[in-house]
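Hey, can you work out the whole structure from these sequences and the hints?
Chains A and B supply the protein sequences, listed in that same order. 11 is the number that numbering that gives the first Met the number 0 gives to position 12 of the first sequence; each next residue is one higher, with no gaps. 73 is the number that numbering that gives the first Met the number 0 gives to position 74 of the second sequence; each next residue is one higher, with no gaps.
Derived by calculation from the structure, the hints in this document are not laboratory data. Fair warning: there could be bad hints in the mix.
Simulated coverage check for chain B against chain A, where a stretch passes if three residues somewhere in it have a Cβ under 8 Å from a Cβ of chain A [unchecked claim]: (1) 0-13; (2) 16-29; (3) 42-50; (4) 74-82.
Below are the DMTMM-like pairs computed for lysine to aspartate or glutamate, each with C-alpha atoms no more than 20 Å apart in a straight line [stated by the list, open to error]: (5) A:K174 / A:E186; (6) A:K18 / A:E186; (7) A:K174 / A:D84; (8) A:K24 / A:D84; (9) A:K30 / B:E10; (10) A:K24 / A:E251; (11) A:K15 / A:D5; (12) A:K15 / A:D260; (13) A:K24 / A:E252; (14) A:K47 / B:E15; (15) A:K47 / B:E71; (16) A:K174 / B:E10; (17) A:K263 / B:E37; (18) A:K14 / A:E186; (19) A:K47 / B:E10; (20) A:K14 / A:E252; (21) A:K154 / A:E164; (22) A:K97 / A:D124; (23) A:K97 / A:E186; (24) A:K72 / A:D166; (25) A:K47 / B:E81.
Yeah, the Cβ is synthetic: ideal placement off N, Cα and C, and Gly gets one too.
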Amino acid sequence: MATLRDIRTRIGSVKKTQKITSAMKMVSTAKLARATHAMRAARPYAEKIREVLAAVASGVETDAHPLLSARGKVRRLDVVLFTSDRGLCGAYNANLIKHAQRLIAARRPELESVAIVPVGRKGGDYFRRHSQGQIPRAWSGLGTVTPAPASEIAKYLMQRYLDGETDEVVLVYSKFKSALTQTPGDEVLIPVTPESAAQTLSYETEPSPEQLLGILVPRAVEFAVFRALLENQAGEHGARMTAMESATSNTEELVRTLTLDYNKARQSAITAELVEIVGGAEVL
Amino acid sequence: MSLQLSIVTPERTLVELVVDSVLAPGAEGEFGVLPAHEPYLTVLQAGEVRYEVGGQSQRVRIGGGFAEVTQERVTVLATSGEPT
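The structure is reproduced here in structure tokens:
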């Protein structure tokens, strides 16, 4: 049986943990709000670039741009795995890593090699320990998402594709549904498949459609990476918020049971003392 | 007939309003757009997009991008930008 003092210290330490978890929850809530705002702000651009790309691509042959034409047989696959840099966000990173592994396992039979490009420290750490493919390059510590690192990552991936080091680039990232649900998902980054144009407006273009495509397609790829980063950022904060929320309620529960134990121990100490006094009085 | 102008960047929407005319820095020189312009797609250089609303001229600085012009809309997809 723990002594009164032991239980008291324990309650104190649990309460301190609770302060930390509830503070982290509030920080994540604020960051989540900012991240979802950034995601919403990117939406008009997303819709527009998709439309414009579809409109331009519908007018030209698919092999007009090297990033548009799929390789007949995919032998080498690049998996870009987006994770967070920090932990304490529940199963968020574990789910993403699991998703990537499942994807690799499913496609492994038809492939010669797989390269993993981790964006975010957690994914990099994991795949460096459990080697399942080479890691040609890794990014981490990007902080708040801005377009610049997204472009850098996208340029690197496009270069790999153009150099023939990979035949397909797949992004694995967390699709943000709500603060409570983030589901890991994947999408093909390169080759780019433009949607079929909704309306066939015959645009006057300058420069020629082919040249325009040459500028438009890389922009679309850079933006796709940027959007994945945004969704991942929002997902991370959402996951951390939920994790810290449940951690906080767990500490509340723990404090309740410990207080109960403490009172029981105190009560029995008093009873024991009373019995002694009564026993002593009877002797007299 | 009116002309709807939207200037969007990956980070935010800079302009979303009805204007009288637009001047944009096209890759092959600045071009002007009035309502009922024929459909036009072009690359933009870094520079200033100017537009007129009720006789007043406004400017937005952009860091390159694309412009899509239809009869009643001008959409500027800027890689970056800020109002001046």
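The hints, checked one at a time:
1. Here's how the segment 0-13 of chain B fares: 7 of its residues keep a CB closer than 8 Å to some CB of chain A, so the rule of at least three is met and the hint holds.
2. Coverage of the segment 16-29 of chain B by chain A holds. Counting CB-CB distances below 8 Å, 3 residues qualify, and the rule asks for three or more.
3. Coverage of the segment 42-50 of chain B by chain A is violated in this model, with 1 residues showing a Cβ closer than 8 Å to a Cβ of that chain against a need of three.
4. Only residues whose C-beta sits within less than 8 Å of a C-beta in chain A count toward coverage, and the segment 74-82 of chain B has 4 of them, enough to reach three; the restraint holds.
5. Between A:K174 and A:E186, the direct Cα distance comes to roughly 10 Å. Compliance with the 20 Å bound is thereby established for this hinted pair.
6. About 39 Å separates the Cα atoms of A:K18 and A:E186, which puts this hinted pair outside 20 Å; it is violated.
7. Straight-line distance between C-alpha atoms of A:K174 and A:D84 comes to about 17 Å, which keeps the hinted pair within the 20 Å bound.
8. Taken as a hint, the A:K24 and A:D84 pair is honoured in the structure, with Cα atoms around 17 Å apart against an allowance of 20 Å.
9. Among the hinted pairs, A:K30 with B:E10 is consistent with the structure: their alpha-carbon atoms are about 16 Å apart, no more than 20 Å.
10. For the hint linking A:K24 to A:E251, the alpha-carbon distance of about 15 Å falls within 20 Å, and the restraint holds.
11. Our distance criterion of 20 Å between C-alpha atoms is met by A:K15 and A:D5, whose separation comes to about 16 Å.
12. Using a Cα cut-off of 20 Å, the hinted pair A:K15 and A:D260 holds, with the two alpha carbons roughly 19 Å apart.
13. Restraint check for A:K24 and A:E252: the C-alpha separation of about 17 Å stays at or below 20 Å, so the hint holds.
14. Using a Cα cut-off of 20 Å, the hinted pair A:K47 and B:E15 holds, with the two alpha carbons roughly 13 Å apart.
15. Straight-line distance between C-alpha atoms of A:K47 and B:E71 comes to about 15 Å, which keeps the hinted pair within the 20 Å bound.
16. Note on A:K174 and B:E10: the hinted pairing holds, with a Cα-Cα distance of about 19 Å set against a maximum of 20 Å.
17. A distance of roughly 84 Å separates the Cα atoms of A:K263 and B:E37; the hinted pair therefore is violated under the 20 Å criterion.
18. Distance check on the hinted pair: A:K14 and A:E186 sit about 44 Å apart at the alpha-carbon level, beyond 20 Å; violated.
19. Annotation: proposed proximity of A:K47 to B:E10 holds, straight-line Cα distance about 14 Å (limit 20 Å).
20. For a cut-off of 20 Å, the pair hint linking A:K14 to A:E252 stands: about 11 Å separates their Cα positions.
21. Between the alpha carbons of A:K154 and A:E164 the distance comes to roughly 14 Å, so the proposed pair stays at or under 20 Å and holds.
22. Only pairs whose Cα atoms come within 20 Å are accepted, and A:K97 paired with A:D124 is accepted, the gap being roughly 14 Å.
23. For the given pair, A:K97 sits about 16 Å from A:E186 by alpha-carbon distance, which is consistent with the 20 Å threshold.
24. The straight-line distance between the Cα atoms of A:K72 and A:D166 is roughly 8 Å, inside the 20 Å bound, and the hint therefore holds.
25. In summary, the hint linking A:K47 to B:E81 is supported, as the alpha carbons are separated by about 19 Å, within the 20 Å threshold.
Of the numbered hints listed earlier, those contradicted by the structure are 3, 6, 17, 18.
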